[in-house]
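Undergrad: Using the sequences plus the hints, can you model the full thing?
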Amino acid sequence: MEGDIAMTSRTITRQDLVDELHARTKVPKPQCQAFLTAMLNELERAIIAEDTVKLSGFGNFVVRSKKERVGRNPKTGKEVPITPRRVVTFRPSQILRERINGPRAR
Amino acid sequence: MLRSELVRALRASSPDDVKPAQVEAMVDIVFESICAALERGDRVELRGFGAFSVRERDARQGRNPRTGVSVDVGAKRVPFFKAGKELRHKVNLGAGAARGD
Numbered sequence: 026m027e028g029d030i031a032m033t034s035r036t037i038t039r040q041d042l043v044d045e046l047h048a049r050t051k052v053p054k055p056q057c058q059a060f061l062t063a064m065l066n067e068l069e070r071a072i073i074a075e076d077t078v079k080l081s082g083f084g085n086f087v088v089r090s091k092k093e094r095v096g097r098n099p100k101t102g103k104e105v106p107i108t109p110r111r112v113v114t115f116r117p118s119q120i121l122r123e124r125i126n127g128p129r130a131r
Numbered sequence: 025m026l027r028s029e030l031v032r033a034l035r036a037s038s039p040d041d042v043k044p045a046q047v048e049a050m051v052d053i054v055f056e057s058i059c060a061a062l063e064r065g066d067r068v069e070l071r072g073f074g075a076f077s078v079r080e081r082d083a084r085q086g087r088n089p090r091t092g093v094s095v096d097v098g099a100k101r102v103p104f105f106k107a108g109k110e111l112r113h114k115v116n117l118g119a120g121a122a123r124g125d
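Chains as they are written, first to last, in our numbering: chain H, 26 to 131; chain W, 25 to 125.
The set of hints was computed from the structure by calculation and includes no laboratory data.
Glycine residues also receive a C-beta, built at the ideal position from the N, C-alpha and C atoms.
Keep in mind that the hints are not guaranteed to be accurate.
With a straight-line cut-off of 27 Å between C-alpha atoms, the simulated BS3-like cross-links for lysine-lysine are [said to hold, decoys possible]: (1) H:K103 / W:K43; (2) H:K103 / H:K92; (3) H:K79 / H:K92; (4) H:K103 / H:K91; (5) H:K54 / W:K100; (6) W:K114 / H:K92.
Covered by chain H, per the in silico footprint, the following chain W stretches (three or more residues, Cβ under 8 Å) [claimed, not checked]: (7) 57 to 69; (8) 109 to 116.
Quick list of the computed label-pair ranges, beta carbon to beta carbon [unchecked claim]: (9) H:P53 / W:V95: 46 to 56 Å; (10) W:R84 / H:I107: 19 to 29 Å; (11) W:E56 / H:R70: 20 to 30 Å; (12) W:P44 / H:P55: 13 to 23 Å; (13) H:K54 / W:V93: 53 to 63 Å; (14) W:V97 / H:N66: 33 to 43 Å; (15) W:T91 / H:P53: 54 to 64 Å; (16) H:K100 / W:V93: 40 to 50 Å; (17) H:N85 / W:A36: 42 to 52 Å; (18) W:A83 / H:A48: 36 to 46 Å; (19) W:A60 / H:K51: 42 to 52 Å; (20) W:R90 / H:D41: 19 to 29 Å.
TA: Written out as structure tokens, the structure reads:
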């Protein structure tokens with residue numbers, strides 16, 4: 026089966042990351058929260074403005090342009106044009122891939 | 025943008041009590057926490073930005089593109105990112121109006 030792994034998996038949120046920052050740096054939590062917000066805003070700004078964000082050891086965010094194509098309404102089966110658009114893709118680094126999958130692959 | 029440029033930008037706008045010297049360590053902690061969560065099979069949901077999760081790929085029959093020999097590719101787990109609604113919209117806005125392409 027393909028798809029997300031359900032069951033027993035937790036969902037990590039901003040709050041968990043703030044707690045982790047606080048635990049490891051002793052910086053007060055409100056400042057950790059401000060930092061995380063600033064970091065995500067900066068990543069977002071760069072993805073939009075520069076199209077590519079390369080984070081060694083983690084992965085690359087790349088904006089790709091999609092041409093117009095024909096889609097289908099899954100409910101009615103009607104064909105509808107999908108307008109050209111820009112989408113964000115994430116290409117995980119080899120290091121992250123191996124951490125997730127184990128080094129045995131390939 | 026590179027990781028080093030992210031650190032530099034955050035140093036410049038470093039909020040209140042965060043010393044410039046701490047910025048790089050904090051950037052590392054955030055990425056490391058996300059990687060560690062995915063390694064455990066957890067999902068990381070950052071509202072507005074997007075969500076990281078682990079997806080399972082079925083085993084499949086692959087082919088060496090050079091030799092044409094078919095090989096078994098085992099099932100595997102891959103990191104996956106889905107952009108949040110807000111990010112998706114902002115990226116798309118840049119396409120039409122602002123850039124005119």
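Undergrad: Does each hint fit the structure? Answer for all of them.
TA: Against the structure, the hints:
1. Of the supplied pair hints, the one linking K103 (chain H) and K43 (chain W) is violated, its CA atoms being roughly 57 Å apart against a limit of 27 Å.
2. For the hint pairing K103 (chain H) with K92 (chain H), the CA-to-CA distance comes to about 20 Å; that is within 27 Å, so the pair holds.
3. Restraint check for K79 (chain H) and K92 (chain H): satisfied, since their Cα atoms lie roughly 24 Å apart, inside the 27 Å limit.
4. The hinted pair formed by K103 (chain H) and K91 (chain H) meets the criterion: a straight-line CA distance of about 21 Å does not exceed 27 Å.
5. Restraint check: the Cα-Cα separation between K54 (chain H) and K100 (chain W) comes to about 37 Å, which exceeds 27 Å; the hinted pair is violated.
6. In summary, the hint linking K114 (chain W) to K92 (chain H) is supported, as the alpha carbons are separated by about 18 Å, within the 27 Å threshold.
7. Counting residues of the region 57 to 69 of chain W whose beta-carbon sits less than 8 Å from any beta-carbon of chain H gives 12, enough to reach three: the coverage restraint holds.
8. Beta-carbon proximity to chain H at under 8 Å applies to 5 residues in the region 109 to 116 of chain W; the threshold of 3 is reached and the given coverage holds.
9. Checked against the hint of 46 to 56 Å, the C-beta distance between P53 (chain H) and V95 (chain W) comes to roughly 54 Å, which is consistent with it.
10. With their beta carbons about 27 Å apart, R84 (chain W) and I107 (chain H) fall inside the hinted range of 19 to 29 Å.
11. Between E56 (chain W) and R70 (chain H) the beta carbons are some 22 Å apart, a value that agrees with the proposed interval 20 to 30 Å.
12. With their beta carbons about 18 Å apart, P44 (chain W) and P55 (chain H) fall inside the hinted range of 13 to 23 Å.
13. Distance hint check for K54 (chain H) and V93 (chain W): the Cβ-Cβ separation is about 56 Å, which falls inside the suggested range of 53 to 63 Å.
14. Against the hinted window of 33 to 43 Å, the Cβ-Cβ separation of V97 (chain W) and N66 (chain H) comes to about 39 Å, which satisfies the hint.
15. One distance hint, 54 to 64 Å for the beta-carbon pair T91 (chain W) and P53 (chain H), holds here, with the actual separation near 59 Å.
16. Between K100 (chain H) and V93 (chain W) the CB atoms are about 43 Å apart, so this pair conforms to the stated range of 40 to 50 Å.
17. Between N85 (chain H) and A36 (chain W) the CB atoms are about 23 Å apart, so this pair departs from the stated range of 42 to 52 Å.
18. The hinted range of 36 to 46 Å is satisfied by A83 (chain W) and A48 (chain H), whose Cβ atoms lie roughly 40 Å apart.
19. Restraint check, A60 (chain W) to K51 (chain H): a C-beta distance of roughly 20 Å breaks the suggested window 42 to 52 Å.
20. The hint said 19 to 29 Å for the Cβ distance between R90 (chain W) and D41 (chain H), and at roughly 45 Å that hint is violated.
The structure fails hints 1, 5, 17, 19, 20 (numbered hints given earlier, in ascending order).
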